[in-house]
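Participant: Each chain, letter by letter, is given below.
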Amino acid sequence: MARTDADDPKRFFHPTTISKITQLDLRAKQVVEGFLSGMHKSPFFGQSIEFVQHRDYVPGDDIRHLDWKVWSKTNKFYIKQYEAETNLRCAIVVDTSESMVYGNGAMNKYEYACTGAACLAYLVVRQQDSAGLVSFGWDVKQAIPPKSSQRQLTAIANTLHLSKPAQKTDMLKSLKTVAETMPSRGVVIVFSDLLTDREELFKGLEMLRHRKQDVAVFHIMDDDELTFPFGGMTKFEGMEELPNIFCDPKALRDGYLEALEEYLVEVRRGCSRLGVDYNLVRTSDYLDAILSKFLFRRMAERKAPVRH
Amino acid sequence: MDKFFDSLGNWISTAFLFPWALLAGALLVSAPIIIHLINRMRFKRVHWAAMEFLLKAQKRMKRKMIIEQLLLLLLRILLMLLIGLLLARFFGFDLSGQEARSTHHLVLIDDSPSMADSYKGEDGQQTDALEQAKKVLTDQIAPTASQATTPQSLEVMWMSDPANTRNFARLNGGSADEMKVYLTNYAPTTVRTDLATALRNAKEQILKTGGSDTARVLHVMTDCRSNDWAEHGPAIKGVVEEMNKAAIKVHIIDTSTPFRKAEKRVPLFNDNIAIIDFAPSKTVVAQYEPVEFTLRVQNFGTSELKDVLFSIRVNGDENLGKSENIASLPPGQIITKKFDLTFNSDKDFNTENPFKRFQLVSAVMKAEEPGGLAVDNSRHTVVEVRKKLPVLVIDGQPSLRDTRAGDSIYLKGHFQANGSGYQWTPGTVGDLEKGELSQYSFILLLNVPGVTTAGREALEKYAQSGGGVGFFLGPNVKPPDYNKELYRDGAGIFPVPLPTEPSPELTPEKIEEKKFSIFQKKILLRDPAMRFHPALEGIYINKSGQFDPKEAESLEKFYRFVTIKRYWPVKRFGKWRDDKSISELYCLPNEDPRSNFESQSLAAGKKIEELAGDADFAKFKKVLTDLVAKIRPVISFAGDLSDAAALFDRILSDQTAEGDAEEALLREFWANPKNADLKAELSRLRDTMKFGDPLYMAKTFGRGRVSVMFTTAGEAWNDWPSEKPGSASFSPLVQEMTKYLSGGGSDENRSCGDVVQLKVDSNNYAGKARYAFITHDGKPGDGRQAPGVLVDPAPLKVGDKDEVLETEKFEENIIVKEGDKEVVKMETRDLFVAKIRDTKKPGVHLFELTQLRANPSNPTEKIEVKEYRAVPVNIDAIHEGDLQRASSDDIAQQSPGVEIHAPDDTDWIDKLKNKKTDLTELGWIFLAFILVLMMEQAMSVRLSYHADADALGNQSPSAAAAMRKPTVPQDVYEE
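Each protein sequence line maps, in turn, to chains A and B.
Residue numbering for the first sequence follows the numbering used here, beginning at 1 and increasing consecutively.
Residue numbering for the second sequence follows the numbering used here, beginning at 1001 and increasing consecutively.
Chain A extracted, bound-state conformation (with noise of 0.2 Å):
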């Protein structure tokens, strides 16, 4: 995977990624339900022009979605119900604090964070759905409301772009702004280390929970951070305000891992206990492969009725 030039905004746009996925979007054309109107359908009855059925009036219902037609055969009051169409709004949030930085192979975990949330950005807006983007560090930094025009890509490449990763986190302070901004019922991914407070980042996700969002976690992490592969006296500096390290990395590995277990099952048994969409990604994994996992389960985990 060939690093793009650094100073491009487009350079997260990755075309092997990209293509890829945009293979997967046609395929989730065919397949009923995803994230584009008009090519999915979609489980809500909305404003459309595919009729679904006919039901009886109750006082309260909208008049306007009579069907005066058949009123005026049978003189009893049937509303009208169509398929609503499903125009998706997307905000993917990209963790920016200063351990994003960390990485020690082709990408680090805020370039990879970023290539990733700017290829859903162009997936999500490629099929006429809003996408926005929020960057938070201490706070939320950028955001950008979700729009579906195609400069919108433009406008999410440039500011992560102009992201520059610094800061401690502060999941609960950013996602509490993501869920009060963002409209319900929409989409939130999440691109993020999670290196934070877990009760905060819990709290931010139940938050979204509770608004109605469909919130999916891209937990990124360097390989390095998995497997702690040091060897050698080694002076670990502490990122995020954290204290410095002098030790032998070797002795502690079995500590290091022990305790990064803990901590990835407390992240992922909390997810799924707030029906988050959890994901363990590493930097060296291939984003296409990623991603299109990512599109696959969501699409078989969507029991809807499949349309051919």
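Hints are computed from structural coordinates only; laboratory data are not their basis.
Treat the numbers as computed from the prediction; the structure is a model and nothing was measured.
Cβ coordinates follow ideal geometry from the N, Cα and C atoms, glycine included.
Check before you lean on any hint, since a few could be wrong.
[What the hints assert, rightly or not] Cut-off 27 Å, straight-line C-alpha distance, at most; resulting in silico cross-link-like pairs (DSS-like, lysine-lysine): (1) A:Lys203 to B:Lys1056; (2) A:Lys235 to B:Lys1630; (3) A:Lys164 to B:Lys1044; (4) A:Lys235 to B:Lys1059; (5) A:Lys173 to B:Lys1056; (6) A:Lys235 to B:Lys1062; (7) A:Lys235 to B:Lys1434.
[What the hints assert, rightly or not] Which chain A residues stay away from chain B? Per the calculated CB distances, all over 10 Å, these: (8) Ile63; (9) Lys80; (10) Ala106; (11) Gln142; (12) Ile144; (13) Lys147; (14) Ala155; (15) Lys164; (16) Thr234; (17) Lys235; (18) Asp248; (19) Arg253; (20) Asp277; (21) Val281; (22) Arg282.
Model the placement of chain B on the given structure of chain A, informed by the hints.
Facilitator: Chain B alone, transformed into the frame defined by chain A:
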């Protein structure tokens, strides 16, 4: 402090082959620490995000981490230490048996006769302890030592010939072959050398080679006979300790069979029979005179032998000798065989040729011995056969010489009897001074008043060199002269000081009374042990060397009829009692009244009764009370003490031989240790009651013998020689006396290897001599042990020329009269020494010496008279024949620090390589090294990162799952 560093330095230089490598090792030890420190300095920096887990890990792992890291560090240090020790070639803390200096080996080989102890080796060949010793030297010691890293020299020393050593200066691969060639010339000799002396010689020899930079190892190849260790134990211990001090390492290799085993403390030994003694009763005999020979054979083995036949050969000719058979030879016992031989010079020998007067008499065991030593199955002795043996008789009353009132008449009759072989030579006191006494077989002094100083000197010299002097006392004896010249306060030839007066003259009535009291013996044997005294032996001891009560009684019964009227009563106290050379043979009965002993006897009786009352002695009670009851009637009865003494004899039952059951019972009673005190007390009482004054005494003086009869030889003071039937006992006694007196000088038992030398006064002898040697072992006499087969005697070769004798200074105190005073002066005189050094071969050495005598016709002129002496030399069969071996404990005790090995014990040999067995030669150090290495590896693997999915999975399954999940889901493309 400096001292400490010095000793540390010394220790390091000796404990390590490469001490400098130790320094490197010390540096190496610090390497892990240094690496650790360097690592600390050269650390990496990582800007780390997941610090949270790291902090947690550190919190959790801190203690474990420190311990594990320290352990790893220690393991690495240990590893380095082991490498350092291996490189420095550490010898361990026990530095004994390791040597970096050049080494000098001295191999001391015992070539004594017992080393010929033969047996069948593994190859079926007959071999002996010496061959085994050679084998150990050539097959084990030499090849191993030649492999040593340091220069090795080896010297071979023979115990019998310590002066001629052979030095193999630098051992190499060919040394063993060279040694083999050298060793073929050696076989067991006839010479016994005691181990202590041999070790001392070896010590001196080994110290001659090299200096402080030479290590010395002494290998003693010996057969470890218990004789050597029992007799010379303390001396051996002394030498061994000296050698330990001188840092000489001593190995003893016991080469006799069966091989000594560590688990068996007392090794087995082979059977052996040895002729331990063979000697005539006298060395100078007259022709036709029967000479008694004593053959003593000892069975050193553990089984009885029957009908052992011995051939007695005269000059190798059995026809001139005889055969003697020993019916039974029980294990461990000495059997004595006595027999007579007569030499007929007219027929067989030439008494005119002085050298040919000496007859070699050999006793040879005819029976084949199953094992053991062959060399001790023959033994030689020599007798000089003369036509007549002159006896000098000095009569104190020459005028009464041939009358019954004189002293010599009865003795003369005895000497002139047919076949006595003695030539009666009457002489005077003056003859002692002028004549050369050595020509006489012995000298009799009958009732001689006294001797002059010169006469005394001559007499003493004569007796010293083996002559016999017999005294019969009498009325003419002057006690002051005897005490001054002859007794000389114990230093002279006369055994006791004489009292001033003889016993009082008896009245005729008293004499009559004595004559008729025939129930008591008038002459008593002073001590039962005296039956075996050479002066009485013939009377009491039979041909088998056993006491024969019947034979003794047949003579002793005549003592009842002998009346000793007067004698010189010697007091039975004084320092002569402690003189071991003096034996009181016969004494007179105690003639004191019984009443003198009444109270003592009764008290003793009471004590016996008390003792008999003890419950333990119930079975003896009756016998004892019966006997004790007799004491009172006997002791209260007037009369002499004989009955009372006889009663106590009976009670003690130690000098009687009734042979009845009661006697046996009494002996059993007194044998009990509880009764020892009373027995001693009773014996003293009995002796004082029984024995009166001494009558007949014997003394050994130098090599010579002296006898004293305290009464007359004639009938002046007694009726012993003259009155029948008592006179029947006189002649046998005189015969024994002559045998005793003429038998002086023969008791010398020279062993092979001893230097045979005769010292003669330069005033009386010319400084020249001729030598000859006769033997019966035909092999050329180079000291090697013949295999026991005797062939014809080698023709007597007499030295052609006179050889000049060595001179030795001799200091003597002489008393010189200066005016009235007597002054002691020291005078130095020359002695000529006729010496034969090479006496390795058993046989007889003959000397021809030249005496210088005053010419009777011209006293100023001296004439040369040839004198002949013979000295038999035999192997030391008593010591060498006994093949019993010393127990390992005894050896260990008497030779502290010495290692004992057997020829089949090869473990110790490797030490001779002198390669210090450093740690590199020990398997365990490598094992330890590998173990430590493995532990270090395991530890470092454990403590270091390895991309091991399992390890990751164990610690963090979630991370492992993330890592494992396929990055490209295949099914994406499959559809």
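Participant: Return the numbers of the hints above that this structure violates; sort them in rising order.
Facilitator: 2, 7, 16, 17, 18, 19, 21 and 22
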